[in-house]
Structure formats: structure tokens, C-alpha cells
Amino acid sequence: MKLSNYFDKVKGFGTLSTADSKGNVNASAISKPFVVDEDTVAFVMTGNLTHKNLQSNPNAAYFFLEKSEKYDGVRLHLTKIRESRDMAVIEEIRKKRYPIFSIKYSQESKYAVFFKVDKVLPLVAAGVLKRGVTQQ
Numbered sequence: 001m002k003l004s005n006y007f008d009k010v011k012g013f014g015t016l017s018t019a020d021s022k023g024n025v026n027a028s029a030i031s032k033p034f035v036v037d038e039d040t041v042a043f044v045m046t047g048n049l050t051h052k053n054l055q056s057n058p059n060a061a062y063f064f065l066e067k068s069e070k071y072d073g074v075r076l077h078l079t080k081i082r083e084s085r086d087m088a089v090i091e092e093i094r095k096k097r098y099p100i101f102s103i104k105y106s107q108e109s110k111y112a113v114f115f116k117v118d119k120v121l122p123l124v125a126a127g128v129l130k131r132g133v134t135q136q
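Numbering (our numbering), first residue to last: 1 to 136.
Treat the hints with care, as some may be off.
[Claimed, not checked] Computed cross-link-like contacts, DSBU-like style, restricted to lysine-lysine with a CA-CA straight-line distance of at most 30 Å:
(1) K22 x K70
(2) K70 x K52
(3) K96 x K32
(4) K95 x K11
(5) K95 x K22
(6) K96 x K9
(7) K116 x K80
(8) K2 x K95
(9) K52 x K95
(10) K22 x K96
[To be verified] Ranges of calculated distance between the beta carbons of each label pair, as one might list FRET restraints:
(11) E92 x E69: 30 to 38 Å
(12) V36 x E69: 17 to 25 Å
(13) D37 x K95: 14 to 22 Å
(14) K116 x D86: 14 to 22 Å
(15) V10 x V36: 14 to 22 Å
(16) N57 x L121: 18 to 26 Å
(17) N5 x V124: 19 to 27 Å
(18) N48 x H77: 29 to 37 Å
(19) A125 x T79: 32 to 40 Å
(20) H77 x G12: 14 to 22 Å
(21) M87 x G23: 13 to 21 Å
(22) Y6 x M87: 35 to 43 Å
(23) G47 x K2: 31 to 39 Å
Since the hints were derived computationally from the structure, they do not count as laboratory data. Owing to the predicted nature of the structure, the values given are computational and were not obtained by experimental measurement. Note that CB positions come from ideal geometry on N, CA and C, so glycine has one too.
Start from the sequences and build out the full structure, keeping to the hints where you can.
What follows is the structure, encoded as C-alpha cells:
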């Protein structure tokens with residue numbers, strides 16, 4: 001699956017899950033990622049708990065549920081590789097992925113956070129492997 005084609009064409013709802021250095025988990029509603037290339041995605045975020053968790057633990061999981069009658073979508077396992085406060089970078093991502101929020105959130109502190117895509121999985125497991133253990 002080509003991520004750039006997928007996220008440009010499919011509508012749906014996403015959450016980004018992170019954990020701090022002690023393992024305390026947070027899940028946050030977030031829009032579709034900006035696909036830099038097939039191995040890298042980015043999100044624009046404020047200085048919220050999700051961003052704070054990424055300062056001590058670079059691992060995250062993105063859950064995307066397609067808007068359809070079926071339970072289709074993807075799960076991305078991610079590792080933070082860098083972030084930027086450069087407003088030109090943030091605006092480039094925002095214009096592409098979040099155009100309706102450009103004015104509303106323009107005064108909040110923002111970060112463009114870039115992630116390596118470690119793994120792409122279907123939203124729902126493909127089936128049972130053995131004794132109730134489902135395929136990831």
C-alpha cells in the first residue's frame with residue numbers, strides 16, 4: 001500500500017497513542033498524517049500531553065479508521081525522528097493536511113513532528129493464528 005495515495009484518497013478518523021518514560025499511555029484524536037515519503041510521516045501538534053510524551057519516549061502508534069460500513073483502516077507503528085518549530089515547515093504541512101485549522105490554531109505553540117514508519121498493519125487482524133492468539 002502506498003501511504004501517500006491512501007491518506008490522500010480515504011476519509012476517516014485517527015488517533016495517535018504515546019506513552020511517557022514510565023509507560024503512562026495517552027491517546028489523542030488527530031488528523032491524517034502528512035506523508036513525506038513512504039517511510040516518513042509528520043503531524044502538526046501543540047505542546048500537549050502527546051508532544052510531551054514524545055520528549056521522553058519516541059515510540060507512537062497511529063490508528064486510522066476509514067469512514068465506511070466496514071472496519072477498514074490501518075495501524076502505523078512509528079518512531080519520532082525529529083521535530084521542527086519552523087513556521088514555514090508547519091505551514092507547508094498544515095496547508096496540505098489541515099487547511100480548515102489554519103486560522104483557528106495559528107496562535108498556539110506548534111510543532112511539526114516527524115516519524116519513521118516502522119510497520120504498517122491492517123486495522124483489524126487478519127485472523128486467528130492459534131488458540132485465540134490473533135495475528136498482529
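Hints, verified against the model:
1. K22 x K70: Given that 30 Å is the threshold and the Cα spacing comes to 36 Å, the pair is violated.
2. K70 x K52: violated, 34 Å
3. K96 x K32: holds, 10 Å
4. K95 x K11: Roughly 17 Å between the alpha carbons, so the hint for K95 and K11 holds.
5. K95 x K22: The hint is violated at about 35 Å.
6. K96 x K9: Since the Cα atoms of K96 and K9 sit roughly 13 Å apart, the hinted pair holds (cutoff 30 Å).
7. K116 x K80: Measuring from Cα to Cα gives roughly 6 Å; hence the hint holds.
8. K2 x K95: Within the cut-off at roughly 21 Å; holds.
9. K52 x K95: Judged against 30 Å, a Cα distance of about 24 Å means the pair holds.
10. K22 x K96: Cα-Cα ~35 Å, so violated.
11. E92 x E69: 30 to 38 Å: At roughly 35 Å between Cβ atoms, E69 and E92 fall inside 30 to 38 Å, so the hint holds.
12. V36 x E69: 17 to 25 Å: violated, 31 Å
13. D37 x K95: 14 to 22 Å: Given about 18 Å between the Cβ atoms, the range holds.
14. K116 x D86: 14 to 22 Å: holds, 20 Å
15. V10 x V36: 14 to 22 Å: Hint holds: Cβ distance 18 Å, inside 14 to 22 Å.
16. N57 x L121: 18 to 26 Å: holds, 20 Å
17. N5 x V124: 19 to 27 Å: holds, 21 Å
18. N48 x H77: 29 to 37 Å: Check failed, 21 Å falls outside 29 to 37 Å.
19. A125 x T79: 32 to 40 Å: Distance hint for A125, T79 is violated at roughly 22 Å.
20. H77 x G12: 14 to 22 Å: holds, 18 Å
21. M87 x G23: 13 to 21 Å: violated, 34 Å
22. Y6 x M87: 35 to 43 Å: violated, 28 Å
23. G47 x K2: 31 to 39 Å: holds, 32 Å
Hint compliance for this structure: hints 1, 2, 5, 10, 12, 18, 19, 21 and 22 are broken, all remaining hints hold.
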